[in-house]
Amino acid sequence: MDLLWSESDERFRAELRAWIAEALPKLPPEPKREDWAARRARDTAWQGMLHDAGYAGINWPAEYGGRGASLSEQLVFYEEITKAGAPNVGVSVNFVGMLHAGPTLIAEGNDEQRARHLPAILKGEEVWCQGFSEPAAGSDLASLRTRAVRDGDHYVVNGQKIWTSFAQVADYCELLVRTDPESKHKGITWLILPMDTPGVDVRPLKTVLGSSEFSELYLDDVRIPVANRVGDENDGWRVAMVTFSFERGTSLVPEMVEARHQLDELARLARTVQRGDGTAWDDTGVRREIGHAAAELDALWNLVKRTVSEAARTGVPGVGASVVKLYYSELIQRIGDLALRVLDRASLSIDDVYEGSGHVVEERLRTLALTIAAGTSQIQRNIIGERILGLPR
Amino acid sequence: MDLLWSESDERFRAELRAWIAEALPKLPPEPKREDWAARRARDTAWQGMLHDAGYAGINWPAEYGGRGASLSEQLVFYEEITKAGAPNVGVSVNFVGMLHAGPTLIAEGNDEQRARHLPAILKGEEVWCQGFSEPAAGSDLASLRTRAVRDGDHYVVNGQKIWTSFAQVADYCELLVRTDPESKHKGITWLILPMDTPGVDVRPLKTVLGSSEFSELYLDDVRIPVANRVGDENDGWRVAMVTFSFERGTSLVPEMVEARHQLDELARLARTVQRGDGTAWDDTGVRREIGHAAAELDALWNLVKRTVSEAARTGVPGVGASVVKLYYSELIQRIGDLALRVLDRASLSIDDVYEGSGHVVEERLRTLALTIAAGTSQIQRNIIGERILGLPR
Amino acid sequence: MDFTLTSDQEALQDGVRKLCEGVFPMERVRALIDVGGVDRALWRELADAGVFSLRLSEDDGGAGLGMAEAAIVFEQLGRALVPGPLVWTHLAAGRVPGAAEGDRVVGGLQRRDEPFVVEHPDVIDVLLAVDDDGLWEVDRSRLSARAVDWPLDPLTPVHVAGGLLRGERRGVPGDAVRWRLEGTVLVGAYLVGMADVLTERSVDYAKSREQFDRPIGSFQAVKHMLADMLVRTEVARSAVYAAAVHLDEPALGPPERAVSGAKLLAGEAATSNAKTATQVHGGMGFTWEVDVHLYLKRAWVLDTAFGTGDDHADTVAGLLSV
Amino acid sequence: MDFTLTSDQEALQDGVRKLCEGVFPMERVRALIDVGGVDRALWRELADAGVFSLRLSEDDGGAGLGMAEAAIVFEQLGRALVPGPLVWTHLAAGRVPGAAEGDRVVGGLQRRDEPFVVEHPDVIDVLLAVDDDGLWEVDRSRLSARAVDWPLDPLTPVHVAGGLLRGERRGVPGDAVRWRLEGTVLVGAYLVGMADVLTERSVDYAKSREQFDRPIGSFQAVKHMLADMLVRTEVARSAVYAAAVHLDEPALGPPERAVSGAKLLAGEAATSNAKTATQVHGGMGFTWEVDVHLYLKRAWVLDTAFGTGDDHADTVAGLLSV
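Residue numbers (our numbering), protein chains in the order written: chain D, 139 to 531; chain C, 139 to 531; chain A, 2 to 323; chain W, 2 to 323.
These are computed hints drawn from the structure, not numbers from a lab. Every residue gets a Cβ at the ideal spot worked out from N, C-alpha and C, and that includes glycine. Certain hints may be false.
[To be verified] Label-pair restraints from in silico Cβ distances:
#, chain 1, residue 1, chain 2, residue 2, range
1, A, GLY23, D, VAL287, 30 to 38 Å
2, D, GLY206, W, GLU28, 52 to 60 Å
3, D, GLY494, C, ARG531, 27 to 35 Å
4, A, ALA12, C, PRO273, 52 to 60 Å
5, C, ARG472, A, GLY254, 20 to 28 Å
6, C, ARG472, A, LEU253, 24 to 32 Å
7, W, GLU22, C, GLY290, 31 to 39 Å
Could you put together the complete structure from these sequences and hints?
Put into structure tokens, the structure is as follows:
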């Protein structure tokens with residue numbers, strides 16, 4: 139059990155930190171929340187800069203243009219990027235390209251598909267979105283109904299997708315379609331959908347934050363070349379799942395680094411907020427709960443290190459990855475509740491009343507999605523109960 | 139919505155209080171925990187005193203010798219008895235006779251059965267225990283397997299019961315047996331078992347408290363007259379359930395009155411326990427949690443009043459009764475946890491370190507059973523979800 | 002002792018419920034986002050129905066009812082999520098001219114710690130402040146307030162103000178004590194109504210939404226979450242009704258403990274139920290289109306009104322007999 | 002950075018586990034109730050296995066190992082619920098003659114608020130006290146202690162003492178700081194072992210116990226309770242291992258935050274898991290015969306050892322960077 143970074147990790151960190159310090163100021167300021175074009179421009183510009191400096195695709199194999207960094211270097215990378223406040227791949231307009239579609243093409247695409255898309259993704263020239271969920275297929279994703287019918291060398295696709303992030307500015311969509319209505323998991327196919335194909339209608343979906351990073355995708359007789367299929371027909375479920383093993387426990391790392399920062403911010407806010415003769419920080423009960431949350435975040439961070447270490451050793455991340463997702467998403471909501479409690483009446487404003495206060499309120503709203511997306515907490519507990527503990531279904 | 143007691147309720151309260159003040163000192167002191175004979179003697183003596191004063195069977199109809207008190211008088215009765223520290227029917231050695239078996243005979247027994255047992259129960263001359271649960275039939279009580287086979291004018295019973303309270307000193311047992319192995323709920327029969335019948339073996343069962351108020355009952359070719367059957371053969375499930383509608387929301391009342399007292403005791407303890415320069419009460423976090431629990435108990439007490447008022451009006455207690463059992467049993471455990479937290483190291487002793495501290499530790503252990511017995515909290519939530527909210531099974 | 006609704010109270014409950022269904026269907030409530038939460042015509046309909054005046058004597062144009070009835074009314078307003086400074090205008094009826102009649106919209110706040118957050122700044126005619134010394138009508142022309150572009154609750158627009166000045170006196174310290182208690186219970190009642198309707202809506206959704214070929218409400222995890230919603234609501238409702246009755250009936254003793262306990266539990270019931278409702282609604286719960294988030298945001302807002310849960314837990318603890 | 006067990010550490014873990022299975026099967030642990038929690042012969046077997054001496058240098062008869070290894074060992078002791086003042090005797094090894102060898106049983110306590118609760122009073126040879134000024138060997142002949150007939154944990158008999166006197170000095174203030182940190186982590190490790198085995202046992206029970214014609218572990222409510230047991234254990238284990246590594250490796254920076262966080266979460270994992278285990282075991286969980294209550298009681302005892310959860314949450318909060 140060793141928590142010290144190796145010399146080469148530390149060297150990597152020093153180089154990266156120096157590069158970020160130089161590169162970050164060149165980036166334009168953050169655009170307004172709903173200015174998708176500007177957000178695409180900024181995120182892809184940063185991707186291009188990462189690419190030129192050799193940091194693009196930190197977890198992609200070198201043979202496909204990635205950095206091929208070790209898992210510990212990946213942790214260092216996410217840590218430094220987040221601490222510096224640089225754009226984070228996890229919330230970039232092209233997170234699908236970098237974290238899902240790209241890795242899927244690496245694992246399951248053919249040479250032509252790889253050659254056409256991987257370099258463009260890495261350079262920040264191509265943005266992807268995801269067409270998986272449907273209105274009637276959420277937790278039970280495999281019940282998806284968007285229908286693809288073969289017509290010569292094309293699939294003709296009809297249906298509706300939901301929860302497609304940044305579809306407004308995406309070039310391609312990783313699309314799951316039903317090619318066999320008779321079976322469930324085994325009747326799904328994975329297609330590359332160019333977003334400018336006729337019949338694709340993107341309708342923004344407003345969230346509780348009042349913003350529209352998600353869309354609904356209406357597909358009306360959309361013709362997709364068979365050449366755009368990744369993997370075999372009816373094998374798309376397996377293809378889509380391949381991506382998940384790619385993460386090896388790192389997927390929530392940027393989010394968690396950010397959460398640690400946010401908790402420090404909350405402690406600072408608590409010392410700012412006036413309460414009677416003192417500040418909110420003087421309230422033993424509140425202070426202790428902040429300390430408690432900090433202990434939990436520390437522990438989760440160490441669990442990530444355990445998980446990543448296990449993955450580095452054995453190739454599989456072990457039980458840690460399921461635990462981290464479940465625990466983190468509930469913890470960050472509790473931290474948000476604590477923030478509202480500290481802010482008291484100031485929480486009625488998402489504009490800053492105290493410096494940084496609006497941010498924590500906005501985060502409370504944003505994190506509502508975390509116990510739902512990518513497997514609800516209820517589904518996560520089923521998975522832990524059945525796959526890890528071996529309990530009967 | 140009226141929370142003021144009526145004049146007649148207040149008159150009842152004044153008379154009762156005066157009587158208790160006179161009667162209680164005549165009772166011998168509380169025996170040692172495990173001295174069951176002495177406990178029987180004391181509890182039945184108290185029952186006899188209640189009987190002579192006209193307070194026995196507070197909720198029993200007058201025609202069967204009970205007080206036939208109104209529901210609000212019943213609340214007053216439990217409140218005064220508990221506040222005075224007098225023996226409570228809910229924890230008496232004959233709670234089964236008073237609260238389950240007696241009411242069942244009233245509802246479903248024949249004249250002979252009633253005449254033989256009801257007066258004796260009311261006078262404190264007859265003690266009953268309950269033979270319902272079995273090792274393999276807990277939450278799923280209807281799966282009970284203790285077998286009764288008809289042999290002339292007797293049933294011959296073989297099997298095992300568990301969680302039989304005060305069996306050591308009981309005269310009779312309300313026994314559920316299986317008379318039809320082919321059906322489940324509809325193959326059960328309710329029998330009166332005299333505890334001195336040959337083949338009845340009582341084996342004390344030690345609980346986490348180290349005490350043995352519960353026993354296992356081994357039944358080996360036990361012959362019970364068919365005349366001891368209450369209700370029809372194979373109709374015992376319905377007979378057993380009749381009792382529960384008898385309570386009409388009052389079953390936890392003594393327990394809750396006691397809990398309110400206990401919370402006051404905890405607040406007093408918190409002011410006693412030294413913590414740094416002050417006491418545990420100076421800890422905002424702890425104090426607030428005690429206040430929170432008090433608010434919950436107050437609310438539950440008011441929910442009991444709502445429930446009882448509804449029952450008085452309509453004959454059925456409404457949603458309140460299920461809610462009170464579920465909420466109270468979890469709340470009292472949280473209060474116990476809070477008590478351990480206040481006591482800190484002093485909680486290592488169930489002998490008093492501070493006056494009354496041992497009692498709250500013992501209570502923490504005792505209340506472990508409340509989320510399990512008479513329907514686990516999980517079962518309660520199913521019932522609320524399915525019967526009240528109408529959710530599908 | 003009969004802690005059920007009288008037939009008059011049942012009729013009142015039913016009447017307000019129907020009023021809300023007619024005047025404040027959800028699409029109309031949503032439309033109020035664009036007008037700062039209050040539409041004068043709808044406000045007057047509330048006044049005409051007696052929402053503000055119901056505790057005034059009949060001589061003063063009221064119905065001579067008590068806090069129990071007011072709580073019943075506010076519970077229904079909470080179910081419908083009717084926006085605006087309902088509680089303050091109700092409290093001001095009979096004291097601020099035009100409040101009872103719905104001619105003037107009265108807002109208010111408690112003078113505690115800075116900064117002061119003024120709700121519905123653009124639609125209120127009068128701003129009251131309560132502090133230990135009494136009730137005050139704040140001179141808004143002298144107020145240095147800053148508009149908030151992005152309020153937590155779109156139906157509760159706010160300004161942030163500092164150094165709030167006292168203006169004209171509207172009540173003595175005893176009035177302030179009484180207002181705080183009454184306001185606390187009314188907010189509690191509103192929160193119970195929210196908790197209640199959130200349970201209903203979540204149950205409906207869980208019955209109709211299917212995943213894995215079953216209604217999600219048949220899964221024990223979801224079923225138990227819904228059961229807990231009902232439990233929290235019933236417990237909080239008992240507390241709120243009891244607090245209201247304590248304010249109506251001095252013979253029951255000092256009302257403070259009952260009042261604080263009620264607000265504490267009602268705030269928790271509404272916020273917890275809104276969070277659970279979000280989870281039960283899954284992805285749809287994260288959309289603007291589904292109403293749950295409007296309830297969640299309002300629950301958070303009201304959890305801070307007339308004292309937070311922390312404040313009230315402290316109060317109850319301080320009143321325990323030891 | 003490789004936060005997995007080395008093969009040596011795995012071997013150690015395996016060895017202690019087998020030792021515990023051989024020497025401390027549950028029936029033997031239960032038999033220790035009658036002898037105050039310690040049997041001298043079994044105690045010496047622990048010593049021979051290096052439980053007390055493993056961090057002493059090889060010259061001093063130890064194995065020259067670190068806190069990481071000690072944590073691994075104590076986790077296994079916790080799984081087996083081995084009673085007695087293991088942590089204090091381990092800390093005393095090399096400082097109190099005979100401790101390392103198992104010849105003298107060393108108990109101890111933190112001098113904080115009165116009354117002082119002395120664990121295992123009848124079987125300890127030496128009683129240490131830690132305070133801000135150092136380590137002290139208490140002169141027990143001058144102690145006014147009162148026996149407790151009914152201890153919470155039957156395997157942790159106690160005396161209650163007042164006015165605890167300092168005796169002979171056994172260490173300077175810096176030693177006291179170090180002991181507190183190390184003791185906190187070792188208790189944390191023990192608690193994680195308890196949380197772990199409680200999960201295993203509850204899962205086994207839930208797989209075999211049938212109600213309504215199904216194993217109860219197939220009901221989502223039970224399944225999710227069990228999943229949460231695993232989650233709590235894994236999170237706490239990560240915290241404890243990290244705290245141990247922080248004590249071994251000064252280059253990682255001050256260990257206080259990691260140590261306090263570890264104890265806090267380990268205490269909660271063990272107490273929560275024991276409560277959940279009781280619930281999962283249903284009526285059987287309320288019997289003396291089933292082991293769960295022995296774990297629950299010990300978890301409560303240890304939750305107060307080397308600082309409560311409240312203390313440690315306070316400590317972590319105080320160390321947050323703002």
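Here is what the structure says about each hint:
1. For the pair GLY23 (chain A) and VAL287 (chain D), the supplied restraint of 30 to 38 Å is violated, since their beta-carbon distance comes to about 49 Å.
2. For GLY206 (chain D) and GLU28 (chain W), the hinted distance range of 52 to 60 Å is satisfied, since their beta carbons lie about 55 Å from each other.
3. Take GLY494 (chain D) and ARG531 (chain C): their Cβ atoms lie about 49 Å apart, and the range 27 to 35 Å is violated.
4. A beta carbon spacing of about 54 Å between ALA12 (chain A) and PRO273 (chain C) agrees with the range 52 to 60 Å that was offered as a hint.
5. Taken as a hint, the range 20 to 28 Å holds for the pair ARG472 (chain C) and GLY254 (chain A), whose Cβ atoms sit roughly 27 Å apart.
6. At about 27 Å, the CB distance of ARG472 (chain C) to LEU253 (chain A) agrees with the hint of 24 to 32 Å.
7. At roughly 56 Å, the beta carbons of GLU22 (chain W) and GLY290 (chain C) sit outside the given window of 31 to 39 Å.
Violation of the numbered hints given earlier is confined to hints 1, 3 and 7; the remaining hints are satisfied by the structure.
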